[in-house]
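*Asks:* Two chains, two separate frames, one set of hints: put the complex together.
Protein sequence lines correspond, in order, to chains A and B. FYI, the numbering for the first sequence is 6 to 647, going by our numbering. FYI, the numbering for the second sequence is 31 to 231, going by our numbering.
Hints in this document: simulated from the structure, not taken from any laboratory. None of the values given here were measured: they were computed from a predicted structure. Just so it is clear, CB atoms sit at the ideal spot from N, CA and C, and this is done for glycine as well. Warning: the hint list may mix true and false statements.
In silico BS3-like links for lysine-lysine, alpha-carbon gap of 25 Å or less [unchecked claim]: (1) B:Lys118 with A:Lys530; (2) B:Lys90 with A:Lys530; (3) B:Lys46 with A:Lys499; (4) A:Lys530 with B:Lys112; (5) B:Lys183 with A:Lys499; (6) B:Lys112 with A:Lys554; (7) A:Lys499 with B:Lys118; (8) A:Lys552 with B:Lys147; (9) B:Lys147 with A:Lys530; (10) B:Lys169 with A:Lys530.
Over 12 Å on every C-beta distance to chain A, these chain B residues come out as not near it, computed from the model [to be verified]: (11) Glu101; (12) Thr108; (13) Ile113; (14) Lys171; (15) Gly180; (16) Cys199; (17) Lys200; (18) Gln212.
Partner residues aside, some chain A positions facing chain B, computed with beta carbon under 10 Å [claimed, not checked]: (19) Ser24; (20) Ala306; (21) Arg487; (22) Arg495; (23) Cys604.
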Amino acid sequence: MTQINSFNELEELRQRIVSERNPDAPCITVCAGTGCLASGSRDVIAAFDREIEARGLEVELGFRATGCHGFCEKGPIVIIDPEEICYLQVTPDDVPEIIEKTIKGTEVIERLLYVDQNTGEKAVHESDIPFYKHQERMVFGANRRIDPRSFEDYLAIGGYQALVKALFEMTPEKVVSEVKDANLRGRGGGGFPAGVKWEIARNAPGKTKYVVVNCDEGDPGAYMDRSLMEGNPYRVLEGLTIGAYAIGSNEGYVYIRQEYPLALENLTAAIEDAKKRGLLGRNILGSGFDFQVKVHRGAGAFVCGEETALLISLEGEVGEPRPRPPYPAIQGLWGKPTIINNVETWANVPLIINGGAAAFAAIGTEGSKGTKIFSLVGKIANTGLVEVPMGISLRDVIYKIGGGIPGGKKFKAVQTGGPSGGCIPEERLDLEVDFDELTKAGSMMGSGGMIVMDEETCMVDVARYFIDFLTDESCGKCVPCREGLRQMHRILTKITEGRGEESDIEILEELAETAREASLCALGKTAPNPFLSTFRYFREEYEAHIKEKKCPALSCRKLVSYYIEPEKCKACLICLKECPAGAIDGAKKTIHIIDQEKCDACGICFEVCPSRFEAVTKISGEPVPPPIPEDQRTVIRKSKQQ
Amino acid sequence: MSEIRMQIDGNEVQTKEGMTVLEAARGAGIPIPTLCHHDELQPFGGCRLCIVEVEADGGKNIIASCVHQAEDGLVINTRSDKIDRIRKSILELLLAHAPESPPLQELAVEYGADKNKFEQEASFCIHCGLCVRYCAEIKKKHAVGFIDRGIRKEISFLPEIAPAECNDCKECFPLCPTSYLQAAFVLVESLAFPRGKATRA
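Okay, chain B solo, but in the shape it has when bound (with noise of 0.2 Å):
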């Protein structure tokens, strides 16, 4: 593997070949914020929090840093005027469903975001799939999954799968910033699960 050298904030970082910007950034110990990245997981560039400029011909490219491999020779800005209002729009969407999550919470703070902007949804999954991910790659059991698209997309149990694998499991639960998994297994073990082998009475 060949050493990558490359600009990030105006320091010179060093990383090796197969790395993301945003591995090569946090390993150089530059925040960049994110919601859907899991150190475990494959990146899957969901949430878009962790967008940051690239310097290129002049201009500026805006990349997801999660998935963008890192090269040699890139310049790249992690804050500007432009990212940061992009954060807080992309915060202010997912704090209509979630404003009470802690870690949305925080970067509300330090991205001005207001959690009222938008119209307070139904649903408080931010599709982070976090929960999805880690049983299907770590677990590989596939229990919980994403159903329906677009704005109609929901995780769920799967009824089939769940009453077998998840009451000794449920190490996906911590992974969820707002808790909407906890319910959406609560949901599943009511309906799905044989009378007895649910963990509630």
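The following block holds chain A by itself, in its conformation from the complex (with noise of 0.2 Å):
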């Protein structure tokens, strides 16, 4: 591998890469990121190398493991190009079939299609899937075209084109500028103008400044990041230099959770990678530009994805938040101007170097340009990472690319905004999906995350939920973020446990003032949220759980009680075999009881019930029926008595 001196060399080589491709040439695609690995594709891309191998097909077929397509629901996923025909849930069994057919044939495999549940209809091509056709995967999109270790496959697709760009033909200012112009807003949570922070950070006296990304993806359920750093780095890679030599910083920091292991070795691979072609280092491409990266890895506070922890910690001290101002793109890491931007905010910029300001600026709403990928988790058909324009709806979103709530369950709400966001109800899904309406429903951008919820999810349990969360995630530092949390916490489960009582509404409204106004860091500042927003929107839940002793969703177990309808027992034994705490009675031919005294609301007896006989309810809010008296056990099958 030889050094790359100029933008000329570059230019040759990307030529040269792509004119030895022949794009009308069958290629295999199959996802290797963390949902399709888990869902077994490396077993997958095992049978596909030896297939390949035993046929001699090295030469004609190409063979890519990609980072993550998104649609994590269904994988592993295959594509094969040219086509972009798309097989879903692929084992390595298929793998013979499909080279068989599909390569050295022109057969498509029908079992492994995607089937729209609705109407039966199948897709063959991954753009016919309702998933993808509503999206629009301006950045994450590339992660499905190339192997994100190969150098090659993401010069081939345009790679460092925006660099080039950048360096040559662009000042610094003009960098500034044209990332301001786009009005690309922080991906990561705060939404903060990228190109304001850029300026100021640009325009702060001293020699020495930084650049830095966040990787410290920490919400339930939120994995676009990771996603992106798995798939993509050199794209991070690309927006974090571009970034350095607008503001004129030589140093550069990643900053990686310790829980992503695929994408520090991919990111780390990346990075020598491009040390070795000279697109980090000295003089990069000949510009007289200088800029090294550096990989810190977290230790596992949640609480490190706040910008000044992050830096308190990448300097070896304890994560904890430190008071802005001053904002760290005036003095940042070791007091030098830092800016630090997300993932995916990194990776945008290359972008909007590449098309232009006006053409990023022209998807979006008024206030949030450009687009989003969301995860997309919870109850909901089609769970994966998404990437829509700013401004969709959020009905679109959970249906149109969700397939909406599986089991024919009713939508309930969607939390977004991580663990200190907000619960939106069904009233409230036609906002548009943008920075400043989400905040205005009570709920924030934040990360990314989208968790649906149905009828079946107490909201009260669900702000419990969060609570707990930061709650333990929580520095500790200031006392309206760790002592008030504490006390909501207590609250709030005192409440899904039938011991709220009318005065504790007030102490939690009380608790969530103090912690928004008066925490020291923005995990604080949002903590209320899933209190705030679900008693916004569903007061009337938090009102039956403490005025009536009743869990409208049927979920919190000390407020469910569960029942055998005698009339519709058959006594089949099943439930009272699998009660762990021995609270059934009952025999061959005697319809069962539950002892109220014993049951301790599993609810595996629900459970297990044959829906045949739909036998077992929940009561919440009121008596359970007392048991049938001892004579009238006895079964009496209808069929024996006619």
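*Replies:* What follows is the structure in structure tokens.
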């Protein structure tokens, strides 16, 4: 591997790579993102390797293991180019057949195609699948076209064009103004305009400046930064290098979560590779610009995703936020001007430089431009990562892309913005997803988590769950967050256990105000949101828990009783055998009864009761009917009666 | 250093660049309550009792005066219904830990805080960090530190350092508003000090 010394050499290399590749030749792509790896894509890749070797197809058939494609629900995903035939949930056993029928022949294997649950229609191509059809994958889409370890692949799809343009055609000031004009807002949570931050750092006095990638993604259920870093590390590095050039920095850091081994591996490989090729280090492409990148692994604290805590942790101290101002753009890492942006924000930068601010700003809403990647999880048919233009309605994300709620259940709420985001109810589903609208609805964009909840989800318990998470992750430095969350968690637990009092709501509101107004950092200031937003939209559920000791979603264990309806029970013994508490009394031909004293409401009887009987019911907020008298407990089968 | 003019509670206050809002106010004789502030230590911003309102763009922002730099033209209110309400709430949260702490009791009277609002907590440390920071910043010994995080966070003397440093110092003792520090010291003394070196029999 030789060092690339000028942009001409880079272009020549690109031309050579592209000319050596036949775009019409068949190529198999297997997703090797974390989701697909978990559903077995490593074995699928091995099966393809074996099959290709056995048949001697190495030359004529392209093969590539890529980063995440997004449709994690249906992994492992296999795509066959150039037709873009998309096979889902592929197993190693399917591999010989794919090679035989689809590669050697022209036959599409029907059983591996996407089937629309509603219409029964099959989709052959990736772009026909509703999950992909309504997305706009400007940032994430490249994942599927490259091997994350292949510099050649990245070059072939136009990689490093933006860096060349920035270094040789633009002044640093012009780069800053381009990002500013594009109104790229931070994708990590705050939504602060990246260009403004860059301008402040550029103008801040001092020779030493730093750029930092925040890859300390910690929201439960969110994995877009992980998938970008795993699937396209060169792009993040390209964006970072452009940012460094823009503010006049020669040193960058990537702060990456300890729990992301694959992202770390791919990133480290990309850095080493870029160094050898002269895209990092001294005199990049002969431009005279020097830039090096170091990787720092986080130690598992959620609060280190907060920028000031991250920087302090990077300096080797305990990761606790410090007050702002001064903002990092003026006084950041080791007191020097520092820009810190999230992975997705950096990955957007090459797009802006290549296409120009105007093209970027043409997508989105008044205040939020471009696209946003969301991780769509929870009670949703199509779990996965989706990239949509700002301004799309929540309804479209959940129903058109997400495929709605599985199991015929009713939608209840969608929680956006991570643990300190908020829950948005049905009546607000038409809101246009962007930074400002989500905030107005009492939630936030956050880093892009979307957790869908159905009618069986208790909103008080959801608030308790997220407050519990935040209590655990609070750094403990300031009183409103540490002590306020401790008490909020205690009160919410009390309410879900049926011990709530009417005065609790007032105390919760008081603690919420204290945390929101007086906490030191954004974690504490937004920590009451899970309570505030569920209380705003689902007040009646709080009241039912407190006043009627009733959980309307029949979810809170301490407020739910199980009861066997005597007229439906067929004395099949299943629940009796499965009950771990030994709370069910009965025998063959003897109607089963739950001893409410012994029952600890685990719900196993409800789950195991055969659907043709449905004899077990959940009851909340009302007394359990008394057990039927002993002399009426014999099951009389209708057939025998006749 | 240039002169800075601000308005605090309607009074014209002059201070110098580099001073905090808290220092400017106290310099002018305007009281602001604090628990984690110490003139010789770096501002911490932990107890949040020193919050004040800053008038800006027609609205009011709440800031912690101990860490906020004084700026020319700031208009500040140290008391308002909202500030008092939040201070009361902070005090009640801390009183659950240290109901008998004299500085807390004094403030509780002023702000009408109820010491029985929340269930009594086991630990009576209020995490002001005065001991930890004094030992680190002034004594440069790091014999007492914070361990764990969030609601599990505690102060603890370090068994590796305390036996060598603490017996002749104990300058942190009078800083503690709750005497939890002394309890923590007794603990490390009985567990980690060499026999005969302990001050107590």
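*Asks:* Next step is simple, just say for each hint if it's right about the structure.
*Replies:* Here is what the structure says about each hint:
Distance check on the hinted pair: Lys118 of chain B and Lys530 of chain A sit about 18 Å apart at the alpha-carbon level, within 25 Å; holds. Distance restraint check for Lys90 of chain B and Lys530 of chain A: the Cα-Cα separation of roughly 16 Å lies within the 25 Å cut-off, and the hinted pair is therefore satisfied. At roughly 51 Å between alpha-carbon atoms, Lys46 of chain B and Lys499 of chain A are farther apart than 25 Å, so this suggested pair is violated. Note on Lys530 of chain A and Lys112 of chain B: the hinted pairing holds, with a Cα-Cα distance of about 16 Å set against a maximum of 25 Å.
Annotation: proposed proximity of Lys183 of chain B to Lys499 of chain A holds, straight-line Cα distance about 23 Å (limit 25 Å). Restraint check for Lys112 of chain B and Lys554 of chain A: the C-alpha separation of about 33 Å exceeds 25 Å, so the hint is violated. Simply put, Lys499 of chain A and Lys118 of chain B have alpha-carbon atoms about 23 Å apart, close enough for the 25 Å limit, and the pair holds. A threshold of 25 Å between alpha carbons decides the hint, and for Lys552 of chain A with Lys147 of chain B the separation of about 21 Å falls inside it, so the pair holds.
A threshold of 25 Å between alpha carbons decides the hint, and for Lys147 of chain B with Lys530 of chain A the separation of about 22 Å falls inside it, so the pair holds. For the given pair, Lys169 of chain B sits about 34 Å from Lys530 of chain A by alpha-carbon distance, which is inconsistent with the 25 Å threshold. With a least beta-carbon separation of about 10 Å from chain A, Glu101 of chain B fails to lie farther than 12 Å from that chain, contradicting its non-interface assignment. Every Cβ of chain A is farther than 12 Å from the Cβ of Thr108 of chain B; the closest lies at roughly 14 Å, confirming the non-interface assignment.
A beta-carbon of chain A is positioned within 12 Å of the beta-carbon of Ile113 of chain B; the least distance is around 9 Å. In this structure Lys171 of chain B is separated from chain A by more than 12 Å, as the shortest Cβ-Cβ distance comes to about 17 Å. The beta carbon of Gly180 of chain B sits about 4 Å from the closest Cβ of chain A, which is not more than 12 Å, so the claim that it is off the interface is violated. With 12 Å as the threshold on Cβ separation, the claim that Cys199 of chain B sits away from chain A holds: the shortest Cβ distance comes to roughly 23 Å.
Against chain A, the non-interface label of Lys200 of chain B holds: every CB pair exceeds 12 Å, the least being about 25 Å. With a minimum CB-CB distance of about 22 Å to chain A, Gln212 of chain B clears the 12 Å threshold, and the non-interface call stands. The criterion of a C-beta within 10 Å of any C-beta in chain B is not met by Ser24 of chain A, whose closest approach is roughly 56 Å, and the hint is violated. Below 10 Å, beta-carbon pairs count as interface contacts, and Ala306 of chain A has one with chain B at about 7 Å; its hint therefore holds.
Residue-level restraint check for Arg487 of chain A holds (minimum Cβ-Cβ distance to chain B is 6 Å; threshold 10 Å). Look at Arg495 of chain A: its Cβ gets to within about 8 Å of chain B, closer than 10 Å, so that hint holds up. Hint on Cys604 of chain A is violated. Least Cβ distance to chain B is approximately 29 Å, over the 10 Å limit.
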